[in-house]
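Please arrange chain B on chain A, whose structure you already have, making use of the hints.
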Amino acid sequence: MSKAFLVLDDGTVFEGESWACEGETFGEAVFSTGMTGYQETLTDPSYHKQVVIMTAPHIGNTGMNSSDEESKKIWVSGFVVRNPSPVVSNWRSERTLEDDLIANNVVGIKGLDTRAITRHLRDLGSMRVGIFSNTELTREEMIIKVRKSPQMAGSFLADSVSTLEKYIVPAIGEKKFTVVALDLGIKAATPRSMSERAIEVHVLPATSSMTEIMALKPDGIFLSNGPGDPATMVDAIALVREIMAAHIPLFGICFGHQIIGRALGFDTYKLPFGHRGINQPVKNLRSGVVEITAHNHGFAVAAPVEGNFNTIYGAGFVSHICLNDGVVEGLELLESPVFSVQYHPEAAAGPHDANYLFDQFVTLMTNAKVSNA
Amino acid sequence: MPKDQSIKSVLVIGSGPIVIGQACEFDYSGTQACRVLRSEGIRVILINSNPATIMTDPEFADATYIEPITPEIIEQIIIKEKPDAILATLGGQTALNAAMELYERGSLERLGVRLIGADIPAIKRGEDREVFKTIVEKIGGSSAKSIICHAMSECIAGAHILNYPVVVRPSFTMGGLGSGIAYNQNDLELIAGAGLRHSPTTEVLLEESIIGWKEFELEVMRDHKDNVVIVCSIENIDPMGVHTGDSITVAPALTLTDVEYQKLRDLSIKIIREVGVATGGCNIQFAVNPADGRIIVIEMNPRVSRSSALASKATGFPIAKIATKLAIGYALDEIQNDITKSTPASFEPTLDYIVVKVPRFAFEKFPEADTKLTTTMKSVGEAMAIGRSFPEALQKALRSVEKKGTSFHWNTAGVTKDYLLSAMAIPTEHRLQQIQLGLYLGASVEEVFSATKVDPWFLAQIVAINEIAQQIKSAASLPDDLLRIAKSNGFSDTQISELTGQSRIDITATRHRIGLRPVFKTVDTCAAEFEAHTPYHYSSYDLESEVIPRTKPAVIILGSGPNRIGQGVEFDYSCVHAAFALKEAGFETIMINCNPETVSTDYDTSDRLYFEPLTLEDVLEVIYAEELAGPVIGVIAQLGGQTPLGLARGLQDAGVTILGTSPDAIDLAEDRGQFGELLEVNSLDAPTFGMADTFEEAVAIAHRITYPVLVRPSFVLGGRGMEIVYDDESLAGFIQKATEITPNHPVLIDKFLDDAIEIDVDALFDGEELYLAGVMEHIEEAGVHSGDSACVLPSYSIGSALRQEIRSATEKLARGIGVRGLINIQFAVVNNSSDIEKLFVLEANPRASRTVPFVSKATGNPLAKCAALIATGKKISDLRGLGLLPASGDGVPKGISVKEAVLPWNRFRRNDGTGVDSVLGPEMRSTGEVMGIAKTFGEAYAKSQTAAFGALPLSGSVFLSLSERDKKSALEPARTLSQLGFKLFTTQGTHQYLSESGVSSELVRKHSQGRGANGELTAVDLITEGVVGLVINTPLGRGTRFDGWMIRTAAIQRGVPCITTIAGFKAAVAGISDLQGKSFGINSIQEWLATSE
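As you go down the protein sequences, you meet chains A and B in turn.
So the number in my numbering is just where the residue sits in the first sequence, counting from 1, plus 12.
So the number in my numbering is just where the residue sits in the second sequence, counting from 1, plus 236.
These are calculated hints, taken from the structure and not from any lab test.
All residues carry an ideal CB built from backbone N, CA and C; glycine is no exception.
The reader is advised that the hints may include incorrect statements.
Derived lysine to any residue pairs resembling SDA-like cross-links, with alpha carbons at most 20 Å apart [as the list claims (entries may be wrong)]:
#: 1; chain 1: B; residue 1: Lys244; chain 2: B; residue 2: Glu295
#: 2; chain 1: B; residue 1: Lys577; chain 2: A; residue 2: Asp337
#: 3; chain 1: A; residue 1: Lys188; chain 2: A; residue 2: Ala210
#: 4; chain 1: B; residue 1: Lys374; chain 2: B; residue 2: Leu503
#: 5; chain 1: B; residue 1: Lys506; chain 2: A; residue 2: Glu81
#: 6; chain 1: A; residue 1: Lys15; chain 2: B; residue 2: Leu718
#: 7; chain 1: B; residue 1: Lys499; chain 2: A; residue 2: Glu81
#: 8; chain 1: B; residue 1: Lys1314; chain 2: B; residue 2: Gly1265
Not close to chain A: a few residues of chain B, all C-beta gaps over 12 Å, as computed [said to hold, decoys possible]:
#: 9; residue: Lys318
#: 10; residue: Ser389
#: 11; residue: Arg433
#: 12; residue: His769
#: 13; residue: Gly969
#: 14; residue: Pro982
#: 15; residue: Gly1186
#: 16; residue: Ala1187
#: 17; residue: Arg1241
This is chain A alone, in the form it adopts within the complex:
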């Protein structure tokens, strides 16, 4: 255990102790407020190139197990924790958190005032960060290195997280639908949520073409979450326009939602410090009901919340907003079978309040089948 430093873009330095791997790492500094679910967070590809600061002080208490991982590896580029657990206590635990971080070459830092860092990011916005442990560098040298690391805005990251080979998640029970899920950084819980609803899910690489997709004769197409700036997703946006023109039921979440937003002609923009947590109140503007949801997004879609909007695919409306700050959290078209949400109906980690959205997708596909029959 040696001294370690968390160095922010604006020159602020926090001192802690090295943890997990020693070395240097860079990324966008983001904080996550979930009190449970660190394993799901670490294995969520959306956190690629991000250094995650956990606001909950004790992390690692329940260890790591193979059934809760959202992908095959840990994606975060750095992990910041106040009090990592010295022991693991849970009947499902197979490994310790620190061992898994080391196996995935993740540089960590512990023993610092995570609340102070969070308040700093809240007030000044997300920014680049570096973690340096066991280092000979001076503070100035560390700050310069952080300022030379890549920015999140303008980052194209989908190809580094997407699957290279397509794979199939079979339907549980009798198969009723085929869905193509475009992997922009998909989490295991998403195809699982669909397979539980009698959907056979074909997970395809992010670079798949319309022809490749249509060859599978999908009843619906799903756009996953993922890391990076949606403005860089030029090909995916073009693909989405083709899908919408073809009137195939389309459901997008998180990054997928932002791509749909851009395909509809809306802008996306970077939030000051993003939404990352599992306690975010989202209001369904159609039902008036509030759902507590899992969020992980640094960008958002700029769409008009009041009334309907018009697109070349017909009229649509903002279906959901975040009650904390009014950010657009859902889009729905009235004349095309298209809807999307900015958050995570598959949860993992987080509450299950929004899993009705998968049922809504099923309804959309059922209706499409009926009208095509």
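Relative to the frame of chain A, chain B by itself:
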């Protein structure tokens, strides 16, 4: 839809006296409810029999009825006040049961008033265990296997099916009352027998044992639009088998993965929907098998509970306040989060700190009682602490409990690992300390887990604490880094000084020299995601402090810490009043307290709240931080009872200004020598006394001052260890016990004034003028602790000459002591043989007393507010000018007010399962109080009895068994009872005495005689079978007379009012005679105060 416009007035039902399982958390919730309703322009009508609460202050409701919470009285109030709705979900089980009774009687429908916050079918579904089980099954959860029983034979048969041990739970009781774990048929007969009696539906549930499973609670809220949020998860460190109120608990849950936590969340949401709690909060408890994660739903409370108060303080999400808003029609997303001021209440708080709650027990008050912790709640209070890590929060919480031996120590003299491992297997209040010391002595985490089933995660944290202690102990000198680590793991300077052998002062000095001080973080509901606008702080050894600079001068008010017998809600009342008064006077008010149940720890009460332990170190660090933030005038220590008073000297020595009465004055009043001189100078009398170091000395003193004498160890709190003895033999017995309690401490022996009348006085003094607020007369004779004695205001047997003498003595003492604020004095009046009244001073306390709220309510003058203002420089004449005190003269009570104490006998059992004796004595043992106010003494007393114990019988039979010395004085009330048409049952001696005096009664057999040849009942049978409606039994000495004890415990268990003093007997007869043929008259406090009597 926002507010329901059809609701113009609401009747709020309070929770009555503080009892174990239902404490001042319902003053907190009820006060919030009243505030919310009034701020919405709704007329508030309140009923609560407990005068010591903030909610019963006249300004919190439009019409406040300090009346017994019975359906009859509530009906009268409804008829008089015509409320549109009743809110009964914020007054604990008492309020909910009252609402149920009103419903069963058809009163709601008949009087055209509706319940808001919960409906009757939902309450029934939540509370009826059989129905609840089917609901759990329906939504896909599982319950412990169980069998509902309505008779003992069914219980015995059921236990055979489930296999021992079985858990016994009576239906519709609170705080686990009457429940327990039966390991065999003997246990079962005792526990289920009592359970069947306690349950209003004569129903108990036998359940498969899940002892040792992990235990969790979720606080859930739902609105009328079906939005549901989980406010907080709580994990019990003590696994299943110990009532959650008696468990050490932590928030948030720390040993569940997200997958497992979400299962609990999903179940909670399905349950609240299926039960149909339409709006408001509920609490759902789960057990989780540590081996395989199997989840069992234990129970739900379809109302705001003790855990909701804890969850509110732990998260900053005010459950009671939100529940009230939901009840009047708002939805969660229409309510703003007070703390962020920018986000809605429809979210789930997230914590970036750890909260630990530790219960406080009072077994020392009930030496006979079984100290094992079970499913019946036995603790009397709790402390909560917040830290940035579990070790920090845990160690802060342990020292917040303020009880010797509660903080961890590393002194292993006299204990072994093996002893501790076997001791910790049985849960008691000392279990966590046994675990910690056991681990320190080398017990492995596995060994401790197998003995206790405490989750290994918590054990590992304690191991880490022990390792730090070991490092400090073995270090030649204390390195700065180690000191830093120790502080961030919650070690106090005192603990470090014990480990190093250096003085505490040296440790503190070292710490300050290296700049090692705590920072103050904010409880903000959102882990800093949004800016917090409410300065609700806690300390932590971390980097960044969040205390904001200010310009207004501040006054710091020290609260009273965890509730305990002798220091309860009445002191919180005074602290809250000080905060209100000083805020109004233009000061910035800062509260320090660690009791999560209270109004004082509501972030709305003061300008700034520090949730901190009340130790010198912790308080000084807050003061330091606040002095950096802006000007601090000083600290008020006289309102929170003994806890802050005990800190006053240390604070002054550290250079802090104590406002009001000085520490020197406090010492003077407590030091017998100095106080004796003061009495002498002023020609005041006190009972003769002596101090003995040996038994021989004690006997000599007792003979000199003559028996009976009151003996006690030289240092006592709340009357602990006091006893009245009548002869050498019992003196010898006491000396043996007392010297065991405090070795090398002398014993005090006072002349006990037999048959004296005891007087309690509360007064204000500003250095010049005395304001005599109230002269209360105890109904029980001297010898019963003033906290346990019923008392009446105004006094009824004090003539004007004596009253003048009392006033003058009070003024002399207040002046002599140097009081600036409140003083409470206890006097005894003895009527000697020539019928001349003589006044004795028993003790003087220069601080707020337990009776301050009672006197304030009876006279309409807010004494605690006045005391706070005097402490900050106002004069009594100023207060008269402000209208806080009458324009001239002393306090004038409106009507006749009786205060009665409520005692927790039914909570405690001996090791053999039998009840503890219920005789009143010089040790205080009551947990709470009620007030009855009426035009006559009889009616006021009858109201107080009804509120405390249930209605006095107006006809039927009374059982009398009197000690020899009481027979004469009991004759007249016995005769009156007989004339009022009661049938009297008596035991031999009493029977003979009464019949010789011309009062007829039926002779019954003593318990020790057993039933007669023809099945004639014994005294105990009479009570157990419900033949008599009132028991009068006066004992001589405590616990010695087996028959008397059997009679009293039978009465307690059967719920029959049991009076153990002649004075109480006389008052009860006055009450009965007053009440026969008519019902209680009711008047709101506002109506009483408007009278110009």
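Now for the hints, and whether the structure bears them out:
1. In summary, the hint linking lysine 244 of chain B to glutamate 295 of chain B is supported, as the alpha carbons are separated by about 18 Å, within the 20 Å threshold.
2. Under the criterion of a C-alpha separation no larger than 20 Å, the hint pairing lysine 577 of chain B with aspartate 337 of chain A is consistent with the structure, at around 12 Å.
3. Between the alpha carbons of lysine 188 of chain A and alanine 210 of chain A the distance comes to roughly 5 Å, so the proposed pair stays at or under 20 Å and holds.
4. Of the supplied pair hints, the one linking lysine 374 of chain B and leucine 503 of chain B holds, its CA atoms being roughly 11 Å apart against a limit of 20 Å.
5. Distance restraint check for lysine 506 of chain B and glutamate 81 of chain A: the Cα-Cα separation of roughly 27 Å exceeds the 20 Å cut-off, and the hinted pair is therefore not satisfied.
6. Among the hinted pairs, lysine 15 of chain A with leucine 718 of chain B is consistent with the structure: their alpha-carbon atoms are about 16 Å apart, no more than 20 Å.
7. Note on lysine 499 of chain B and glutamate 81 of chain A: the hinted pairing holds, with a Cα-Cα distance of about 17 Å set against a maximum of 20 Å.
8. Of the supplied pair hints, the one linking lysine 1314 of chain B and glycine 1265 of chain B holds, its CA atoms being roughly 19 Å apart against a limit of 20 Å.
9. No beta-carbon of chain A comes within 12 Å of the beta-carbon of lysine 318 of chain B; the shortest separation is about 34 Å.
10. No beta-carbon of chain A comes within 12 Å of the beta-carbon of serine 389 of chain B; the shortest separation is about 40 Å.
11. Non-interface status of arginine 433 of chain B relative to chain A is upheld: no Cβ of that chain comes within 12 Å, the nearest being about 41 Å off.
12. Every beta carbon of chain A lies more than 12 Å from that of histidine 769 of chain B, the smallest distance being close to 14 Å; the non-interface claim holds.
13. With a least CB separation of 50 Å from chain A, glycine 969 of chain B remains clear of the 12 Å interface cut-off, as annotated.
14. Against the 12 Å criterion, proline 982 of chain B stays outside the reach of chain A, whose nearest CB is about 49 Å from its own CB.
15. The beta carbon of glycine 1186 of chain B is kept farther than 12 Å from every beta carbon of chain A, the shortest such distance being approximately 44 Å.
16. Here alanine 1187 of chain B stays apart from chain A, with its beta-carbon at least about 47 Å from theirs, past the 12 Å limit.
17. Consistency note on arginine 1241 of chain B: stated as away from chain A, and its beta-carbon is indeed over 12 Å from all of that chain's, at 60 Å minimum.
Hint 5 alone, counting from the list given before, is not met by this structure.
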